[in-house]
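> Numbering (our numbering), first residue to last: 84 to 186.
These are computed hints drawn from the structure, not numbers from a lab.
Backbone N, C-alpha and C define an ideal beta-carbon position, used for all residues, glycine too.
Incorrect hints may appear among the rest.
[What the hints assert, rightly or not] Straight line, CA to CA, 25 Å or less: simulated SDA-like cross-link-like pairs of lysine to any residue:
1) K145 - A112
2) K157 - I143
3) K168 - D125
4) K168 - R97
5) K145 - T120
6) K145 - A104
7) K133 - A104
8) K168 - R182
9) K168 - A104
10) K174 - L121
11) K163 - R111
12) K174 - V105
13) K163 - A104
14) K174 - G110
[As the list claims (entries may be wrong)] Restraint-style ranges between C-beta atoms, simulated for each label pair:
15) A186 - R107: 30 to 36 Å
16) V180 - D92: 19 to 25 Å
17) E122 - E148: 18 to 24 Å
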Amino acid sequence: MNLTGDLDDAVHQRIRLGMLAVLREVGRADFSFLRDTLELTDGVVHRHLKVLEDAGFIQIEKGYEGRRPRTWAKLTGAGKAALDKEIAALKRIVAHVERVAEA
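Based on the provided sequences and hints, a complete structural model is requested.
Okay, structure coming up:
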């Protein structure tokens, strides 16, 4: 039995999992909100947003708020499905570990 076979490498990395979770909660977030909420550097946020965008899990929008350039991220339908699948896989792993611990 391969307990980790359903984990998605693009999602499972802790920073990307955190980004998807935050975006699931808020719907749309700007770069600085993700950076500050997850306590990351600009470079780390940029790299992980790129991975999620390339996987089709988020959509990046660029624009301006007043004169300030802004970057927003929004979870796509594929991103929601990937996050749901990841959570279900993690729940199966936890349930297995708990069953083994009780035996």
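> Looking back at the hints listed earlier, which ones does the structure fail to meet?
Per hint list: single violation, 3.
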